[in-house]
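Chains C and V supply the protein sequences, listed in that same order. Mapped onto this note's numbering, the consecutive letters of the first sequence carry residue numbers 1 to 196. Mapped onto this note's numbering, the consecutive letters of the second sequence carry residue numbers 197 to 392.
Hint data in this document are derived by calculation from the structure and do not stem from the laboratory. For glycine and all other residues, C-beta sits at the position ideal for the given N, C-alpha and C. Treat each hint with caution, since some may be false.
What the hints assert, rightly or not - Just the calculated beta-carbon pair ranges, DEER-fashion:
id	chain 1	residue 1	chain 2	residue 2	range
1	C	163	V	356	32 to 42 Å
2	C	187	V	356	19 to 29 Å
3	V	386	C	13	31 to 41 Å
4	V	291	C	16	52 to 62 Å
Stated by the list, open to error - If we take Cβ atoms under 8 Å as the criterion, some of the chain V residues that face chain C in the derived model are:
id	residue
5	214
6	215
7	233
8	271
9	273
10	290
11	293
12	312
13	339
Number of protein chains: 2
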Amino acid sequence: MKLVEEEIVKNGTVLSDGVLKVDAFLNHQIDPKLMEQIGKEFAERFKNDKITKIITIESSGIAPAVFAGLYLNVPVVFARKSKSLTMKDELLISEVYSFTKQTTSTIAISKKYITNDDRVLLIDDFLANGQAAKGLIDLCQQAGSEVVGVGIVIEKSFQDGRKLLEDHHFRVESLARIASLENGTVTFVKEEECAS
Amino acid sequence: MKLVEEEIVKNGTVLSDGVLKVDAFLNHQIDPKLMEQIGKEFAERFKNDKITKIITIESSGIAPAVFAGLYLNVPVVFARKSKSLTMKDELLISEVYSFTKQTTSTIAISKKYITNDDRVLLIDDFLANGQAAKGLIDLCQQAGSEVVGVGIVIEKSFQDGRKLLEDHHFRVESLARIASLENGTVTFVKEEECAS
């Protein structure tokens with residue numbers, strides 16, 4: 001999506017070969033008009049897939065997810081990251097490993113809000129190693145729901161997330177795909193390389 | 197706002213005299229169409245106040261805040277709750293005490309995204325004792341920005357939050373004001389009592 005790429009070039013900051021800071025418009029300060037366009041784009045890409053629910057993860061997934069939910073006309077549920085969980089019997093629980101922080105965190109969704117009838121679209125701000133997506137997929141599968149696809153705002157294509165998801169036959173739609181952050185420069189995956 | 201009151205009656209659950217569960221549409225599962233209407237309502241109430249920025253707090257404030265930001269045409273910044281903060285010199289930091297959990301948590305906003313030119317609208321899902329709002333106001337005041345008002349989706353009017361804010365001359369706009377949750381029943385503040 002041209003708009004997201006342009007925003008990254010204009011307002012993103014390359015902190016290192018692996019880290020792109022986008023707190024100007026996505027995960028700290030949020031540009032609502034951009035989120036609206038992002039939501040429309042996700043809705044367009046998944047409009048024929050009979051999505052019944054969007055699942056995301058707090059906090060940075062929420063803004064793109066609610067706009068996708070608005071245009072697909074479905075509820076959004078955000079998984080909570082939590083250390084101490086109460087009422088565990090009402091929750092679906094999974095774990096997410098962070099390669100960056102080298103820590104494992106627990107994520108949870110109430111059993112009430114995801115069922116075996118649901119056709120789920122996962123939305124998240126970033127796809128890097130795919131661990132958050134993997135945790136969300138685990139929650140959906142525990143509920144017996146079908147994960148129809150994964151919608152990502154920014155994919156770091158030089159990391160393993162897309163491969164991990166595609167190896168398990170999940171459809172991944174990323175609005176911006178970053179081939180490299182080397183030398184302080186953002187290089188996007190070229191269109192013709194996006195066929196997968 | 198009639199729509200929010202109706203949603204509370206229909207899909208809220210009174211857990212105790214002090215606790216209303218609204219995870220069906222606001223703070224776990226999110227109803228995007230309701231959030232859109234909530235955003236429009238906040239925008240309508242503050243349209244003449246030259247708001248330049250909306251500040252909220254993760255996670256449940258984000259959805260109503262981004263829609264308010266969309267219709268007021270201003271950026272949204274969400275304060276992060278954090279235990280371990282890095283890069284402290286780039287952050288404004290405050291503390292929020294939770295009467296429920298009896299814990300203090302740290303909240304932070306990057307100095308980059310709030311300035312002394314900003315006219316700020318604070319948005320949050322709940323107003324109870326006003327401690328979260330107080331923390332957000334502290335962050336804004338550290339930045340030298342002006343807090344023009346506080347927009348709340350659900351106010352527990354039997355707790356002290358509104359009084360605390362009004363005593364400090366902040367304008368509070370709550371879309372639903374709950375007078376009582378006693379006997380498992382939601383009673384709203386009557387219109388004529390809302391003059392304050």
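Numbers of the earlier hints that this structure fails to satisfy, in rising order: Violated hints (numbers, rising): 1, 2, 3, 4, 5, 6, 7, 10, 11, 12, 13; every other hint is consistent with the structure.
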